[in-house]
Structure formats: structure tokens, C-alpha cells
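**Student:** If you want the building blocks of each chain, they are given just below.
Number of protein chains: 2
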Amino acid sequence: MAVYTEVSDEELDAFLAQYDLGAVRALKGIAEGVENSNYLLQTETGRYILTLYEKRTRAEDLPFFLGLMDHLAAKGIACPTPIHARDGLALRHLAGRPAALVSFLDGISPKRITAGHCAAVGAALAGLHRAGADFASHRPNALSVAGWRPLFESARPRADEVLTGLAADIDSELARLEADWPQNLPAGVIHADLFPDNVFFLGDSVSGLIDFYFACTDFLAYDIAVCLNAWCFEPDLAFNATKARQLIGGYQRVRPLGAQELAALPLLARGAAMRFLLTRLYDWLNTPAGALVKRKDPLEYWKRLRFHRGLSSPAAYGVA
Amino acid sequence: MAVYTEVSDEELDAFLAQYDLGAVRALKGIAEGVENSNYLLQTETGRYILTLYEKRTRAEDLPFFLGLMDHLAAKGIACPTPIHARDGLALRHLAGRPAALVSFLDGISPKRITAGHCAAVGAALAGLHRAGADFASHRPNALSVAGWRPLFESARPRADEVLTGLAADIDSELARLEADWPQNLPAGVIHADLFPDNVFFLGDSVSGLIDFYFACTDFLAYDIAVCLNAWCFEPDLAFNATKARQLIGGYQRVRPLGAQELAALPLLARGAAMRFLLTRLYDWLNTPAGALVKRKDPLEYWKRLRFHRGLSSPAAYGVA
Numbered sequence: 002m003a004v005y006t007e008v009s010d011e012e013l014d015a016f017l018a019q020y021d022l023g024a025v026r027a028l029k030g031i032a033e034g035v036e037n038s039n040y041l042l043q044t045e046t047g048r049y050i051l052t053l054y055e056k057r058t059r060a061e062d063l064p065f066f067l068g069l070m071d072h073l074a075a076k077g078i079a080c081p082t083p084i085h086a087r088d089g090l091a092l093r094h095l096a097g098r099p100a101a102l103v104s105f106l107d108g109i110s111p112k113r114i115t116a117g118h119c120a121a122v123g124a125a126l127a128g129l130h131r132a133g134a135d136f137a138s139h140r141p142n143a144l145s146v147a148g149w150r151p152l153f154e155s156a157r158p159r160a161d162e163v164l165t166g167l168a169a170d171i172d173s174e175l176a177r178l179e180a181d182w183p184q185n186l187p188a189g190v191i192h193a194d195l196f197p198d199n200v201f202f203l204g205d206s207v208s209g210l211i212d213f214y215f216a217c218t219d220f221l222a223y224d225i226a227v228c229l230n231a232w233c234f235e236p237d238l239a240f241n242a243t244k245a246r247q248l249i250g251g252y253q254r255v256r257p258l259g260a261q262e263l264a265a266l267p268l269l270a271r272g273a274a275m276r277f278l279l280t281r282l283y284d285w286l287n288t289p290a291g292a293l294v295k296r297k298d299p300l301e302y303w304k305r306l307r308f309h310r311g312l313s314s315p316a317a318y319g320v321a
Numbered sequence: 002m003a004v005y006t007e008v009s010d011e012e013l014d015a016f017l018a019q020y021d022l023g024a025v026r027a028l029k030g031i032a033e034g035v036e037n038s039n040y041l042l043q044t045e046t047g048r049y050i051l052t053l054y055e056k057r058t059r060a061e062d063l064p065f066f067l068g069l070m071d072h073l074a075a076k077g078i079a080c081p082t083p084i085h086a087r088d089g090l091a092l093r094h095l096a097g098r099p100a101a102l103v104s105f106l107d108g109i110s111p112k113r114i115t116a117g118h119c120a121a122v123g124a125a126l127a128g129l130h131r132a133g134a135d136f137a138s139h140r141p142n143a144l145s146v147a148g149w150r151p152l153f154e155s156a157r158p159r160a161d162e163v164l165t166g167l168a169a170d171i172d173s174e175l176a177r178l179e180a181d182w183p184q185n186l187p188a189g190v191i192h193a194d195l196f197p198d199n200v201f202f203l204g205d206s207v208s209g210l211i212d213f214y215f216a217c218t219d220f221l222a223y224d225i226a227v228c229l230n231a232w233c234f235e236p237d238l239a240f241n242a243t244k245a246r247q248l249i250g251g252y253q254r255v256r257p258l259g260a261q262e263l264a265a266l267p268l269l270a271r272g273a274a275m276r277f278l279l280t281r282l283y284d285w286l287n288t289p290a291g292a293l294v295k296r297k298d299p300l301e302y303w304k305r306l307r308f309h310r311g312l313s314s315p316a317a318y319g320v321a
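As they're listed, the protein sequences go chains A and B. Using our numbering, the letters of the first sequence correspond one by one to residues 2 to 321. Using our numbering, the letters of the second sequence correspond one by one to residues 2 to 321.
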């Protein structure tokens, strides 16, 4: 949950005067996303999400994110569509922060993940990759293999507060990932954070993909690796191979994977687990007591990482 | 902001199967109220607020609150209307908690209070009092004069952590309030917590009064006293007599106050300030570090109390 910034009446009125959306009917701070402040805005013309970008979202990246949503929405992907003001601009300022309005998407994030959800999200992810193939902008993935060691170094001195020996374990694991990371897989725009919180369903169908604020240019199969971590472990962290098979199967019905991509999946999944381990570890060690954000246990991703590390082939994901 | 309880897909489906509201389109945790978990629920038939009552709202009081909202809504007061399920009941259970659905009200809580807001809220409060006059149920005000000393005793040992001498000051102030508290003012159903957060406006008009979970039976003028504290001090805690005059004037255009009620206002306002001082003090001393709720400074109400205590008549409120 996250509403960090309050918007005054005058600020909101001045902001909306730049659009053709009619008068405000309601504005509710909503528990969506963890990085930014989000409001559900109802006007005479419809429902919108108003996002105020807080400091962890870099302002210089916002044109990429909003341009990507424009591009994907134009291709029919069920993602938030940036609302452009009368001057044509979607990225503005409100309450001292960069801010944007996007379309509201119906749907609910699933709480209890089924294999059916996994098949649907796999297909939706492949659709996103196909729709993004001709998106012209690039944004390097700051949270891929090259970014992990600097992140680790900032957490290393206190990593063993979380688990004795964790610093040394991460150190050696990072060395392996850095040595073995693939070089030449098909790349393009990826979502990079497609957790269940960021996928809406209406019944069994995906009705929305949201939160593109980690989107970047990277191996397409890395997005699948993120999803294997995010969708295919049970609450007790048991790996559910049926869900993985459905997820990858759903993906391949829309965009078949090459042999190199399939073979790389276990390593990519280790890397994806490392990425969430490291950001959670950093947050764990740097969230002040009394903060309004609930800390998430980094070790959940260490356990996921060890599962993927134990695989010699993608067969454990149900891939032939 | 407050979303304490998550609702699973199955629980939501089972809950909604008891109503005739159509299929779910969206469910968003919203930052509204501080005691309970609130969701904005969109179904095929409209928008609703789903409230899960957390432990600070006593389950045995819920029929009073929901019955009052039913009563007021039927009289045309712009308050949430409880939605009754097919079996006729509005109070149900969800995710292990008492829960209810109410109608969604358009409007925005004002952030910067104007004298016009104060006049409108005064009139709305008087309308609420008139509409509640024939509400048959009673609920004593547990947070009126008889309840303050027990609350204070639980906070007394640590009160001086907040301000040196605060315990002794509250002790003597309580003695005065207990001795002088009025006995025979006109009484009825009051809101008891009509802060700006709980009033929605569309333009200059009140479009909704919400959060009836402190409503009770008490002196009607005590509700005005709460509003004098909640609406008529500037952010620097300077008292704005124009706002007070507008608030009381707006009230009297709908329900004229008797001479006894007017004369009692400064004392009632001291009492209302004491009520919020004590609950904030209690929360300040008992909110664990790391809690997801932001603590509010109790001393703001000590300062308000001292302002009211300095008055010899209601003239300072702009009342002739």
C-alpha cells in the first residue's frame, strides 16, 4: 500500500484544468504499487489512475515508461493508456512530483494462483513481447547481472544479520551467474516485474497488465524467468511444476521459444531470484523502523534461487 | 490509510453470492478511515465501499451504526446506504471479520478548509441532527466526560514523555470538566467525529458525510464542539473566528441553538479537545514502532483546549 503524497484541492484543480476530462467526482488514495503514490480519480468522463512518481522512480525514465504504455495500448495490449493533456503531453507535475494520468483497468489481482492463471499470464506476457518488438526506445536493465554486484556490495557488510553465511553464499553465486550469464538470447522490451499484483483478471481471462515502472530492454526469456519465480512457487515455497508447464506453454502458444532460450531458463530463473533477493535484502537493511512500508523477507528468494540452481535442464519446468 | 485485511478471491466470491450486485469488475484497497479496512468495489451494477471491521470497532455496536445509516439515508441525508443482501441483512462476515457493503458517495474531502466549507458543514450537521431525531436506538458516548478519566489513567504514567507536566495539567483540567459538564442540553444522535476527512464536497456543496463509527447519543451541541476543533483552527493552530461563525451560522439556519447550548459551547469545545487529546495520547504511547499507522501529535489538541479554556463566552466563536 502506498500513498506518500497528498494532493491539495487547488493543485488537483490546476492539474485537471490541463485535460478535457470534466469535473472531479471522487479521488481515492489506493493501495497499489509500492514505489509511487496512486489515486483512483473519477471525473465526469470516466475513471483514471493518477500516479505521483516518488523518488525511487527516476524522472528521466518516465518518458520510456509512458511511451511504452502508449505503444502497447495502441497495439491492443490491456495495459494502462496514458491520458494526454490538451497540449499533447502525458507526463506532467503535481504536488512537486512528476505525475501522469492513465486509464483505469477493470479486474482483480489473483490471491490464490491457479495453473489456469499461469497459462493466461504466460500468453499475456508473450503478447506483450510481440507487441513491444517494434518499440523504438531502449532502456538498459539496471537490475540485471551487471547491476547485482554493486547492489550486493552496499548490502554485504550487514547481509549476515539476515542469515549467517549469506554474504559468502551470495558472493559465490554472483560469480557463477556473472560467468555463465547468456550473451545472445532474443531481446526486446520486457516487463521485468510481472508479479500477480501486477496482473488483473476478470474470471479466467487477463484483463490488465499494470506497473510498467521496471520495464526495460533485456532478454525476453528473462521475463519468463521472473514469472517462474513470481507465479510457480506455493506459499510454502514448494515449486509447482504444473504451473510452470502451463506458464511456459501459454507463452509458447503466442511466441515459441528457441532451444537456446529454453536451455537458459534455469540460469535465468536463478538470476531473477538473485535480483529480488538483492533488492529485498537492500530494502530489509535500509527500511527504517517505523516506516509505513512492510518489509518483505529476502530469504524467500534465496530459497527459490537454490531450487533453480539444483536443476540440470528446463525439464523440471515441464518443458520437454 | 488503512488496509489491514486481505480478501481472497474465494472469500469475495462467496460474500458477493449473497447479494444481487452482478459480477465483480474491480476491488481496490483505499486509504479511507483509520480503524477499519476499506475497499472500493466495482461490480456490474455500480460502485460500493466494502468495509471489514477491525478489532477497534466493537462488533456489538455495528447494528447501531448500520441502522443509523439506513435511517439517515432514508431521510435523504447524503451518507453511505448499507446494501442489504438477499436475506435482508446488511451486516455479514468476510475474511474472519464483520463486514458490510455500503453505497459509494462521490465527492472529495477538502484539504484547505474555507469559511464556505464551514458554513456548509454546519448546515449538514444540523440536517443530520434533525434527521436523527426520531432514530429509535441509543448508544452512549463512551468517549464523553465519563470515559475520559479511565482513558487518562491508562496513559498517565507515561504522559510526561510527551510533555513535562502534561499528566498534572490533564488531571486538573479533567477535574474542572467533570465538575462543570452540562447536564440537560438537547440530546440525540451525533456523528462525534465529523472531521474534514469525513465530509465530501462537490464544488461548494456537501455531497457526503461518512464514517459513522463513532456515532452515539449525546448532546447535539457537542457535535458542533467537535467541529469547532476540527474545522476552525489553521494549520499553525490559530483559531479562525470567521470559520467558527460560518459553521455555527450554517448550523443555526437549519437548527437554531438554544441559549443554554450557545453558552455551553466553550466548555463543550474544551471537552471535545480533551477527547481527541486523550485518544491521540493513548495511541501515541501505544503504537508500536514499525506500525503501519502514522501517529498524530496529541499536543495539537492540548493547544486547542487551552484556546477554548481562555474564553469567557461563545462570543469568540462569532456568536452574538
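Careful: at least some of the hints might be erroneous.
Note that the list lumps identical chains together, so a pair holds whenever it fits in one copy or between two copies.
[Stated by the list, open to error] Okay, derived cross-link-like pairs now, BS3-like style, lysine-lysine, Cα gap no bigger than 30 Å in a straight line: (1) 297 / 76; (2) 304 / 76; (3) 112 / 297; (4) 29 / 297.
Derived by calculation from the structure, the hints in this document are not laboratory data. Note that the structure is predicted; figures quoted are calculated from it, not measured.
**Student:** Does each hint fit the structure? Answer for all of them.
**Tutor:** Taking the hints in turn, this is what the structure says about them:
Proximity of residue 297 and residue 76 under a CA criterion of 30 Å is satisfied in neither setting, with 35 Å inside one chain copy and 48 Å between copies. Taking identical chains as interchangeable, the C-alpha atoms of residue 304 and residue 76 are never at most 30 Å apart, the minima being 38 Å within one chain and 59 Å between chains. Proximity of residue 112 and residue 297 under a CA criterion of 30 Å is satisfied intra-copy only: 17 Å inside one chain copy versus 33 Å between copies. In this assembly of identical chains, residue 29 and residue 297 lie within 30 Å of each other by CA distance both inside one copy and across copies; the values are 26 Å within and 21 Å between.
The structure does not agree with the numbered hints 1, 2 stated previously, though it agrees with the rest.
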